[in-house]
Amino acid sequence: MNAEQQALVQRWDGFLSKIKERLDEIIAEATAGCAQIAAQHPLDSLPLSNALTGLDHRVRQLRERIEQTWDGQVEDKFSDAGDGDFLDVGLDKKEDFETAFDHHWQNAKAKILADYAASLYPLAQEASQQQPKCDQCGAPLQPAVIHKSETIACPACSAQNLYEPPLAIVAYRGTAAHYLAEAAALPKRQAIDFFRIEVDRWRRAREWAPEPLESLEKWRAMEQDHWTTYAQEKARVLGEPVDQAYITSRMEYFDKYELHMNQVWVNAHGKG
Amino acid sequence: MDPADALAQQLDSHRRHVLDAAAGKEASSWAEVAAAYGVQAPSPSPEALEAVGQAIVEGCTAALSGIEKDADPRRVTFLKGRLEKFAADLALAHKQSSGSKLGLGGIFANATAHAGWTGGHGKIKRVIRCRTCGAPQQEARVFVCSFCGGPVFATDEETSE
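Each protein sequence line maps, in turn, to chains S and V. Take 1 as the starting number for the first sequence in this note's numbering and just add one per residue. Take 1 as the starting number for the second sequence in this note's numbering and just add one per residue.
Hints were generated in silico from the structure; no laboratory data involved. As the structure is a computational prediction, the values presented were derived from the model and not from experiment. Using N, Cα and C, we set each Cβ at its ideal position, and we do this for glycine too. Don't take each hint at face value.
[Claimed, not checked] Residues on chain V that point at chain S, a partial pick, calculated with CB under 8 Å:
| id | residue |
| --- | --- |
| 1 | Met1 |
| 2 | Ala111 |
| 3 | Thr112 |
| 4 | Arg131 |
| 5 | Cys133 |
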C-alpha cells in the first residue's frame, strides 16, 4: 500500500470509528432506557417492543450513513487510488464494519430482551403458586395445566369457570421463552454471517467460481445447528420436548430458498 | 366509536398536550398548562407531572363512570388498566424525553403511550351467568339456564333494541 492509499484507508477508518462511537452511545442510552421501561411495565412487553422498534429505526438511519458516505465520497477515491484489488480493500473494510455494526446492535438488543425475559421468571414462579378459585363459590379449581385457558366445572357448585392463566405465566411462556432462545442461538447466526462473507471472498478471488459442495453442506449444517439451538433452548425454558417440527419447517424454508436455487447442490442432492 | 375508546383518545390528547408543554413546545407556559389542571407548579418536575397526571386520571375516571353503562365492558376494563399507571408513566415519559442527549427521549416517551392493557387482564368476569336469574352456567357450551330455562346471552331481539 502506498502513502496515498494508506492515508485514504486511515480517513475511512476514522469515519467508521465515529459511527461506532455513535452506535455505542445509542446502545448505552437504549440499554438504560429499556431497563427503565421494563421495570415500569414488568408484565407488558408492548412498551419495550415499541421502544426497540423506534431504536431500530434510529440505528438503521445511522447505518445508512455508511453506505451514503461510501457511495458519495469514498468509492471513487478508492477506485482512483489503485487497481481493482485496492477497491476491494475498501469494500471489505466497509463490509466488515457493517457486519460488526449489525452484530453489535443485535447483541445489545438480545441482552435487553433476555434481561427482560429473566425478570419475568420470578413473577411467573410467584404466579404459579396462586390457587385459582371458583368465581361463584370460591372453592379451589384445578386446571389441567396452569398455562392454558380452559373451562373448568367447579367441583363444589358446578359453575363453569373460564380459567385464564396468570399474565406472568403467559408472558414468560409466550415472549420470554422466545427471547431467551433467540439470545442463545444468536452467536450461531452471527457465525453463519461470517462464514457467508468468507465464502463470498473466496469466490471473488476465483472469478466468482461456484461455491463447492462441501461449503454448501457446511452452510446447511450451520443452519441446522442454529435452529436446533433455538428449539433446544426454548424447550429447556418451557420444560417441554424439543419441537422437531419447528426445526424441520425452518430447514425446509432454507433448503427451498437457498440450496434449491444452487445448481451445485441440486446436481448433487436434487431438490428432495 | 365505543365511548370508552373516545375517552381513551381524549386521554392521549391530554398526554400529548402535557408532555409538549413540559418540553416547552406549547404556546402556553408549563405553569399555565399545569394551572389549567389545577396544579400549581412553576417547573415540570417529576412530582408536578405526576400531579397533573393524577388530575387527568381523576377527570377521566369521573367521565368514565358516566359512560360506563353504554361502553363495551372490555374497553372499559382496558381503559381502567391504563389509568392505573397513567400518572407515573407521564412523569417517566417526560423524564426520558428530557434526559436524552441523543434525541432518543421521544422514542421512550412514545413507547409507553398505550401501555396498560395488562391492567385489565384477569379482571374480566370468569363465570357466565344467566341474564334472567343470575345463576351460573352449569354446563360448558349450553347457553340455556338450567335453573330458569332463560337464555344465558342476549337474544337477537334484545340485542337490536
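Now for the hints, and whether the structure bears them out:
no.	hint	in the structure
1	Met1	violated (22 Å)
2	Ala111	holds (4 Å)
3	Thr112	holds (5 Å)
4	Arg131	violated (15 Å)
5	Cys133	violated (13 Å)
Checked against the numbered hints above, the structure breaks hints 1, 4 and 5 and satisfies the rest.
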